[in-house]
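Each chain, letter by letter, is given below.
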Amino acid sequence: QKEVEQNSGPLSVPEGAIASLNCTYSDRGSQSFFWYRQYSGKSPELIMFIYSNGDKEDGRFTAQLNKASQYVSLLIRDSQPSDSATYLCAVNPMDSNYQLIWGAGTKLIIKP
Amino acid sequence: EPEVTQTPSHQVTQMGQEVILRCVPISNHLYFYWYRQILGQKVEFLVSFYNNEISEKSEIFDDQFSVERPDGSNFTLKIRSTKLEDSAMYFCASSRAPTGELFFGEGSRLTVL
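Heads up: the protein sequence lines correspond to chains B and X, in order. According to my numbering, the stretch in the first sequence is residues 1 to 112, in order. According to my numbering, the stretch in the second sequence is residues 1001 to 1113, in order.
Everything labelled a hint here was simulated from the structure, so no lab data went into it. We treat Cβ as the ideally placed atom computed from N, Cα and C, and that holds for glycine. Errors might be hidden in some of the hints.
As the list claims (entries may be wrong) - Quick partial rundown of chain B residues pointing at chain X, CB under 7 Å, derived from the structure:
(1) Ser32
(2) Phe34
(3) Ser43
(4) Pro44
(5) Leu46
(6) Phe49
(7) Tyr51
(8) Gly59
(9) Tyr71
(10) Asn92
(11) Pro93
(12) Asn97
(13) Gln99
(14) Leu100
Sequences are here, hints too, so could you generate the full structure?
Right, here's the structure in full:
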């Protein structure tokens, strides 16, 4: 059974600080990794994707991938109250071209 | 900015009834998907659709479910003989390529009584 695990939170971070969100996955052959943001009652929205080991930066967001440890993380710099949401980690497993396996999400709260 | 649109936003139905959920994917996208999210639970893959046929489906997507692209713009999910456990938010998504860079619609909330 392929699994994606996230700490459910809530993770509370002061405004302006760095928020660090983590995700582990069970399928060692997974190739593609995604972070989605989901506001309460809304649909997931793509934030970042990463395919190779290392860091990938996009504005205030940095995704980090370590395939040996089966670990992917998302850093949010200069956190804003509007970043308060649930962050979903999603992984494309090796035996699928189309399917994403999703974590349950980490609820992030940015305190003004 | 182009977006995926879904109708209805909320549907209430009696157990055993048939439901059709509709989606208009982004016009230049070729890959279409249905996911569902039971309240408080993980997002779950149901089915992907490419070139007018199912490209992949999950164990959830059994004979109760079907998908169709009846014309050049709409993409539908039909649930026959709904069960209580079908109550969930159903998300349609589309993408340019078969990757996880998905664009989601706002969802259709299905309540089965």
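Hint check results:
With 7 Å as the threshold, the beta carbon of Ser32(B) comes within range of chain X, its nearest partner Cβ sitting at about 5 Å, so the hint holds. Satisfaction of the interface hint for Phe34(B) is found here, the shortest Cβ-Cβ separation to chain X being roughly 4 Å, below the 7 Å cut-off. A cut of 7 Å between beta carbons decides the hint on Ser43(B): the least distance to chain X is about 4 Å, and the hint holds. Hint status for Pro44(B): holds, given a least beta-carbon distance of 5 Å to chain X, under 7 Å.
Taking 7 Å as the C-beta contact cut-off toward chain X, the hint placing Leu46(B) at the interface holds, the least distance being around 6 Å. A distance limit of 7 Å between C-beta atoms decides the matter here; for Phe49(B) the minimum to chain X is near 6 Å, and the interface restraint holds. With a cut of 7 Å, the hint placing Tyr51(B) at the interface with chain X is violated, because the nearest CB-to-CB distance is about 9 Å. Residue-level restraint check for Gly59(B) is violated (minimum Cβ-Cβ distance to chain X is 17 Å; threshold 7 Å).
Hint on Tyr71(B) is violated. Least Cβ distance to chain X is approximately 18 Å, over the 7 Å limit. Interface hint at Asn92(B): satisfied, since its Cβ lies 5 Å from the closest Cβ of chain X, which is below the 7 Å cut-off. A cut of 7 Å between beta carbons decides the hint on Pro93(B): the least distance to chain X is about 10 Å, and the hint is violated. At about 5 Å, the closest approach between the beta carbon of Asn97(B) and any beta carbon in chain X falls short of 7 Å, and the interface hint on this residue holds.
For Gln99(B), the interface hint holds, the least distance from its beta-carbon to any beta-carbon of chain X being 5 Å, beneath 7 Å. Because the beta carbon of Leu100(B) sits about 5 Å from the nearest beta carbon in chain X, less than 7 Å, this interface hint is met.
Checked against the numbered hints given earlier, the structure breaks hints 7, 8, 9 and 11 and satisfies all the rest.
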